[in-house]
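**Student:** Chain by chain, the residues:
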Amino acid sequence: MTNIPQLPISSWIDKLVDWLASFEGFFNGVTNFIGGIINGFQWIFDLLPIWLFMLLVVGGTYWLTRKTKHWTLIIFEIVGLLYIWNQGFWRDMTQTLTLVLTSSLIALVVGVPLGIWMGKSKVFETINKPILDFMQTMPAFVYLIPAVAFFGIGMVPGVIASVIFAMPPTIRMTNLGIRQVPADLIEAADSYGSTSWQKLFKVQLPLAKSTLMAGVNQSMMLSLSMVVIASMIGAMGLGNKVYFAVGRNDAGGGFAAGLAIVILAIILDRITQAINRNKIPKS
Amino acid sequence: MTTKLQVRHLTKIFGRRIPRAEELLKAGKSKAEILKSAGATVGVNDANFEVNNGEIFVIMGLSGSGKSTMIRMINRLIEPTSGEILIDGENLTSLNKKQLLDVRRNKMSMVFQNFALFPNRTIIENTAYGLEVKGVDKDERLKKSHEALELVGLHGYDDQYPTQLSGGMQQRVGLARALANNSEILLMDEAFSALDPLNRKDMQDELLDLQENLKKTIVFISHDLNEALRIGDRIMIMKDGEIVQTGTPEEILTQPADEYVEKFIEDVDRTKVLTASNVMIRPTFINIDKDGPRIAMRRMVENEISSVYVVNNKREFVGVVDASHVMGLIKKKERKLDSVIQTNVPTASPDTPITDIMEKISSTPIPFAVVDDKNHLLGIIIRGAVLGAISGNEVVEND
Ligand SMILES: Nc1ncnc2c1ncn2[C@@H]1O[C@H](COP(=O)(O)OP(=O)(O)OP(=O)(O)O)[C@@H](O)[C@H]1O
Ligand SMILES: [Mg+2]
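Protein sequence lines correspond, in order, to chains A and B. Heads up: the first sequence begins at 1 in our numbering, then just goes up one per residue. Heads up: the second sequence begins at 1 in our numbering, then just goes up one per residue.
In short, the hints are calculated from the structure, not lab data. Source: prediction; values computed, not measured. Please note: incorrect hints may appear among the correct ones.
Stated by the list, open to error - Cβ pair distances, simulated, as ranges:
hint	chain 1	residue 1	chain 2	residue 2	range
1	A	T195	B	R16	26 to 32 Å
2	B	R20	A	M135	39 to 45 Å
3	B	G64	A	I9	51 to 57 Å
To be verified - Derived coverage of chain A by chain B (criterion: at least 3 residues anywhere in the stretch with Cβ under 8 Å from a Cβ of chain B; other residues may be distant):
hint	stretch
4	173-187
5	193-199
Claimed, not checked - Computed list of lysine-lysine pairs in DSSO-like fashion (alpha-carbon distance at most 27 Å, straight line):
hint	chain 1	residue 1	chain 2	residue 2
6	A	K199	B	K239
7	A	K122	B	K97
8	A	K120	B	K134
9	A	K202	B	K138
10	B	K143	A	K199
11	A	K199	B	K144
12	B	K239	A	K202
13	A	K120	B	K97
14	B	K98	A	K202
15	A	K120	A	K202
16	B	K263	B	K290
17	B	K143	A	K202
18	B	K97	A	K202
19	A	K199	B	K138
20	B	K29	A	K202
21	A	K209	B	K138
22	A	K120	B	K98
23	B	K144	A	K202
24	B	K29	B	K239
25	B	K134	A	K209
Think of the CB as a built atom: it goes at the ideal place given N, C-alpha and C, for glycine as much as any other residue.
Just need the whole structure built from these sequences, with the hints factored in.
**Tutor:** In structure tokens form, the structure reads like this:
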């Protein structure tokens, strides 16, 4: 064993990171772009009075679940949001929400086209599957290092790390959704002379929609699970509160903030699921 | 009758080692041998046939015989390995992508076994799909789709979703979707196979009714011989990717090309397709204008029969005389037969289906006379021949 030289994996990766860091302009551009999205979300949330925010959430839920009348969820939302406000976590919550929404949005915008590509190309699917496994199983902490190297500290590298960690389900489920479209529907679309785009937008995506949305929901939950980790590189929000509580050995404060994250997670989860509910009646 | 669709030397091989498989195919190896030695599946092998304008052309064969592969090569959902497909003389195999889209949009429409309706679209949106991808504007689209739904007898379901409809209704939508496009060729792959027997029969009737006015060229796949015989103008039978026989329903039934076809038609209810002309035999007859009782008697003795048919100089059917009456005339030294001719003989035209006269055949002692529209005697139907034909053992030749 001792004769075999150790492979210089770490020095290779270091070199790669150094080399990538030379594209400073590119990374600045990305930073500005993502920073713009973050500021946009945050600006809206800061503008909204708390009562209006709550009204929007509750009203939205009411409308989305108008057929099933999900009263327990609505009550949970009211109580949960009041708790967050009562604990003085309101701005932290909106910061966390901003982080999650930004990462989910990027995961959606980047992940769905990749998923579609995988769904349509066997080769691309074969190449990508191991990469996705890798992205998801690599400990999330590791993503912090290059994120900091390229994007400094703050919300933006937090978003980047979250996106890398959280995007695979969106890609996977989009791919799955596209592939699950029954073969005879594809044949029907083809036989009537659909172009690839027509087939995609009129048949494949609409039929993949609920699977795809389940992927988006998973991505959102994963990015929420990143908020504490992201706070280590300066991302603000509830994660930051938990992180500091850990540092100060403050069990009570940590639990209070952690509970706020759970509440946010449940609300986001249920709302995205409600959006996903199929409007096509089942036989 | 003009040719709408022509298929020439069409071959499809599935798998990797296609050149090798083609060689083996040329060397006359069987489908099974090729699968074993080249690992390639022969879907269709050197198919040649023509479909005429306005006919219903049924393709039959056991599972795996290549029917679906064949019909999917016609609109190139499956790319042929070699060979040509011509529609109105235009070769489809050499079309580029854009031209192929045009052909699919305007020349042919497909109806699928499991309906293949889009579950995310309402009935009217499903029906309008072909028009939508063609870029027809919305008003026009709706108008044509309504007309098509009307044709198949569906109204009031516009805004329902496919899962809300029964199987029979769903396939009506499938048919309407094809009709809305107004293409001249319909490709129907086991379109009625998923329906229960009663619904299936309704749909067959409906297709035949529609066809009377629309005069589409229809390629219809079926594994149900009764269905094929009912709706097909011609039937093509396939086995292991090859065409075994092509012919009218009658030809298939009366002159099966080989054992495979014979097996196929074994369990058909033959009474449904056999007509009087299929089972009639050559009659023994005399000419009333020149023959007398003695000639009549001689004919009966020669042929060992107890009655003889009577025609006049123009070969028009007059009636029948039987042996005992003729004997009486001979004893009385009569010269003329007129007094003993029975004219109440049951008659049928050559295309009368056997089912229609079956009961009478078995209840009247006198064989039916088959006469054409000018009352010429063509043949007679005796009970034994009918039973023989129905059981498929012996179909009596006639000319
Ligand atoms: N995509 C494919 N890849 C490989 N082999 C195929 C493919 N499609 C069909 N085959 C093979 O080609 C042959 C013909 O199949 P096809 O589906 O045309 O038969 P069929 O007559 O329509 O049968 P069925 O009555 O079951 O629908 C079969 O041996 C089948 O296994
Ligand atoms: Mg088939």
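**Student:** Next step is simple, just say for each hint if it's right about the structure.
**Tutor:** Structure-based check of all given hints:
1. A:T195 / B:R16: 26 to 32 Å: holds, 29 Å
2. B:R20 / A:M135: 39 to 45 Å: holds, 42 Å
3. B:G64 / A:I9: 51 to 57 Å: For A:I9 against B:G64, whose Cβ atoms are near 53 Å apart, the range 51 to 57 Å holds.
4. 173-187: holds (count 4)
5. 193-199: n = 4 at 8 Å, threshold three: holds.
6. A:K199 / B:K239: violated, 34 Å
7. A:K122 / B:K97: holds, 21 Å
8. A:K120 / B:K134: holds, 23 Å
9. A:K202 / B:K138: holds, 16 Å
10. B:K143 / A:K199: holds, 23 Å
11. A:K199 / B:K144: Since the Cα atoms of A:K199 and B:K144 sit roughly 22 Å apart, the hinted pair holds (cutoff 27 Å).
12. B:K239 / A:K202: Violated: B:K239 and A:K202 sit about 38 Å apart, past 27 Å.
13. A:K120 / B:K97: Answer holds: A:K120 to B:K97 is near 18 Å, not above 27 Å.
14. B:K98 / A:K202: Roughly 19 Å separates the two Cα atoms, so the pair holds.
15. A:K120 / A:K202: Cα-Cα ~15 Å, so holds.
16. B:K263 / B:K290: violated, 50 Å
17. B:K143 / A:K202: holds, 21 Å
18. B:K97 / A:K202: holds, 20 Å
19. A:K199 / B:K138: Distance ~19 Å between A:K199 and B:K138 Cα, so the pair holds.
20. B:K29 / A:K202: violated, 45 Å
21. A:K209 / B:K138: Holds, at roughly 25 Å.
22. A:K120 / B:K98: holds, 20 Å
23. B:K144 / A:K202: holds, 20 Å
24. B:K29 / B:K239: holds, 15 Å
25. B:K134 / A:K209: At roughly 24 Å apart (the allowed maximum being 27 Å), A:K209 and B:K134 satisfy the hint.
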